[in-house]
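Protein sequences, first through last, are from chains A and B.
Position 29, counted from 1, in the first sequence is what my numbering calls 29; the numbers after and before it change by one each time, with no gaps.
Position 72, counted from 1, in the second sequence is what my numbering calls 72; the numbers after and before it change by one each time, with no gaps.
Treat the hints with caution; some may be incorrect.
[To be verified] Derived Cβ-Cβ restraints for the label pairs, each shown as a range:
id, chain 1, residue 1, chain 2, residue 2, range
1, A, Q60, B, A44, 23 to 33 Å
2, A, R254, B, A100, 44 to 54 Å
3, B, N112, A, P107, 42 to 52 Å
4, B, A64, A, P141, 28 to 38 Å
5, B, S29, A, N214, 49 to 59 Å
6, B, P47, A, R20, 11 to 21 Å
[As the list claims (entries may be wrong)] Which residues of chain B face chain A? A partial, calculated answer using Cβ under 10 Å:
id, residue
7, L20
8, V26
9, P58
10, A64
11, Q65
12, G83
Rather than coming from a laboratory, the hints here were simulated on the basis of the structure.
For each residue, glycine too, the CB sits at the ideal point set by N, CA and C.
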Amino acid sequence: MTFPQTSSVRTTTGGQEYWRLFTQLESSGDIYESDVGARAFAIGPDSDIARAQVTYIDPQEGDSVNTLSVSIDSPFVGRVDAVLDQNYPAGLPARLLISSLDLVPTPAFKAQFAGDVDFNFLQFPNIDLIQYLSEPPSFSPVRTDRKYYFLRTLAAGANQTGLVTVPYYGRRRGEVTYLFSGTTAAATLYGYNLNLIGADLASPDDMYVILQTNAAAGSGSLTTSGRPFDLLVIEFTFGASPYQMECIITTSDRL
Amino acid sequence: MPNASDLASASNLAYQNLQLDSDNSVLNSAIADFNAAWAPTFDATNPEERTVLDWLVPLAGLAAQLGATGSSGELSNAALTVGRMCIATQFAQTAGRISAPQAAAVLTAYNNFIAQF
């Protein structure tokens, strides 16, 4: 998580009509604070994750702890107060607490890929949550398209492998195009659902399916649509002496 | 269930351990006892330490709302919350926001109460 986080109070005193929590997530345990009340919550346009959770003190429930969920298609409209002069039952001031409901891969994420991986690009997801401080405008329930560029110059040698992993989180379409010098490469596109509570200690991130496999000389492309995965993983396996690989990945909420 | 050797393992084992707590009809008290054991080692006025301590709020909410046993949905929600808290502790220690003894206190509390069976 980005620490220290942006200040919700500074936004309020500056007269802005919303506070934006926009930062890269470091782990599934990242949690953020808002010291001001809200009139609505919505996932922002630059979010990679699709779902967030707000924890608050609920006067309708006898001042007990309650949570609400916000997703791309389901913003929350209604008053939610931060009550700093009142404490949660746990004894902490009753701030609004924000966390991602979607899980975040660990830095060592390479899942079932046994043995050495010659390169492993892992793009961590952003959270973009808009907290409206006044009546919200109409919502547009889509994230902006994301485009990722990867370039890798490989050492000479045969049978090198590499992984490129990007956030997906229920996007509707993903497209991968790649270009390489040298001989034939094989590319496999995986869809991953992250699992924090796995039974297997060694590889908790093991919920995946192979979406598409392609072997080509010089270049190729892979696509997926309408599959609700957390991550897209592209595994490259190169033949003899490839010296450079370029890969462009586009993800979109539109079909 | 063997004790968790580190916080990542504690996270991964949360569902299984809480299921055993539920089977033994101590689900809510296990979470409450866990909270009571680790929370006093953290300073609520320190924003760096609150990157872990804030998880006390949803955990305390769970302890208050759950019964001594839980449905599969409640277990899943509880395990994700406990697991996220363990991961938060692990990353906060790595980043230097909390001390090693504080992280150890969380793991000890987990092994004593969440993984008590």
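Evaluation of the provided hints:
1. Between Q60(A) and A44(B), the C-beta spacing of about 26 Å keeps the proposed range 23 to 33 Å intact.
2. Distance hint check for R254(A) and A100(B): the Cβ-Cβ separation is about 47 Å, which falls inside the suggested range of 44 to 54 Å.
3. In this structure the hint that N112(B) and P107(A) lie 42 to 52 Å apart at CB is violated, the actual value being about 29 Å.
4. Range check, A64(B) to P141(A): Cβ separation about 33 Å, and the 28 to 38 Å hint holds.
5. Judged by the Cβ atoms, the range 49 to 59 Å given for S29(B) and N214(A) holds: they are separated by roughly 54 Å.
6. Distance hint for P47(B) and R20(A): a CB-CB separation of about 19 Å, consistent with the stated range 11 to 21 Å.
7. Interface restraint check for L20(B): the shortest CB-CB distance to chain A comes to about 13 Å, outside 10 Å, so the restraint is violated.
8. The beta carbon of V26(B) is not positioned within 10 Å of any beta carbon in chain A (closest approach about 19 Å), and the interface hint is therefore violated.
9. At about 5 Å, the closest approach between the beta carbon of P58(B) and any beta carbon in chain A falls short of 10 Å, and the interface hint on this residue holds.
10. Hint status for A64(B) relative to chain A: holds, with the closest Cβ pair at about 6 Å, below 10 Å.
11. Residue-level restraint check for Q65(B) holds (minimum Cβ-Cβ distance to chain A is 8 Å; threshold 10 Å).
12. For the restraint placing G83(B) at the interface with chain A, the shortest Cβ-Cβ distance is roughly 5 Å, inside the 10 Å limit, so the hint holds.
Of the numbered hints stated above, those contradicted by the structure are hints 3, 7 and 8, listed in ascending order.
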